[in-house]
Amino acid sequence: EELPTHGGSLRVYLARVESVHRPAPAVAGLLEREATGGLTQMKTYTSFAERAYGAKRALLSFLISAKNEGKTICGYGAPGKGNTLLNYCGIGT
Numbered sequence: 058e059e060l061p062t063h064g065g066s067l068r069v070y071l072a073r074v075e076s077v078h079r080p081a082p083a084v085a086g087l088l089e090r091e092a093t094g095g096l097t098q099m100k101t102y103t104s105f106a107e108r109a110y111g112a113k114r115a116l117l118s119f120l121i122s123a124k125n126e127g128k129t130i131c132g133y134g135a136p137g138k139g140n141t142l143l144n145y146c147g148i149g150t
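In this note's numbering, the protein residues as written are 58 to 150.
Watch out, some of these pointers could steer you wrong.
Below, computed lysine-lysine pairings styled on DSS-like, alpha-carbon distance capped at 27 angstroms [as the list claims (entries may be wrong)]: (1) K100 / K138; (2) K113 / K138; (3) K124 / K138; (4) K113 / K128; (5) K100 / K113.
Simulated restraints, written as ranges between beta carbons of each label pair [to be verified]: (6) P61 / C131: 27 to 33 angstroms; (7) E75 / G132: 46 to 52 angstroms; (8) V74 / M99: 24 to 30 angstroms; (9) E126 / S66: 35 to 41 angstroms; (10) V74 / A115: 43 to 49 angstroms; (11) M99 / V69: 21 to 27 angstroms; (12) L71 / L143: 30 to 36 angstroms; (13) E126 / A72: 55 to 61 angstroms; (14) A81 / G132: 38 to 44 angstroms; (15) T62 / K113: 21 to 27 angstroms; (16) E107 / L143: 19 to 25 angstroms.
Calculated from the structure, these hints are not laboratory results. Glycine included, C-beta positions come from ideal geometry on N, C-alpha and C.
Based on the provided sequences and hints, a complete structural model is requested.
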């Protein structure tokens, strides 16, 4: 089940292989869209990792420059996403 939360999320119901439950027709459509979007190819994830690393380096460069110029950085909102960003970039205080 596709949900609009956080720009798009999935709610997944699981069952054992031997269960009487079978995948809903929407599953095949989602798998097809994933394949069409390149999500079954490693290069998609490698490219994403490279872009994420570039964004990390750019952010750290900006923060170092701002600190060297005596500027103050303030953040507000998005605590979950903000913490993910801070942790990925290794940013403390």
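Here's how the hints hold up against the structure:
1. K100 / K138: 25 angstroms, holds
2. K113 / K138: Cα-Cα ~14 angstroms, so holds.
3. K124 / K138: Holds. K124 to K138 sits at ~23 angstroms (cutoff 27 angstroms).
4. K113 / K128: 19 angstroms, holds
5. K100 / K113: 20 angstroms, holds
6. P61 / C131: 27 to 33 angstroms: 29 angstroms, holds
7. E75 / G132: 46 to 52 angstroms: 49 angstroms, holds
8. V74 / M99: 24 to 30 angstroms: 27 angstroms, holds
9. E126 / S66: 35 to 41 angstroms: Given about 39 angstroms between the Cβ atoms, the range holds.
10. V74 / A115: 43 to 49 angstroms: 46 angstroms Cβ-Cβ, so the 43 to 49 angstroms window holds.
11. M99 / V69: 21 to 27 angstroms: 23 angstroms, holds
12. L71 / L143: 30 to 36 angstroms: Holds: the Cβ-Cβ distance is about 32 angstroms, inside 30 to 36 angstroms.
13. E126 / A72: 55 to 61 angstroms: 57 angstroms, holds
14. A81 / G132: 38 to 44 angstroms: Once the Cβ atoms are compared, 40 angstroms apart, the range 38 to 44 angstroms for G132 and A81 holds.
15. T62 / K113: 21 to 27 angstroms: Given range 21 to 27 angstroms: holds, Cβ gap about 25 angstroms.
16. E107 / L143: 19 to 25 angstroms: 21 angstroms, holds
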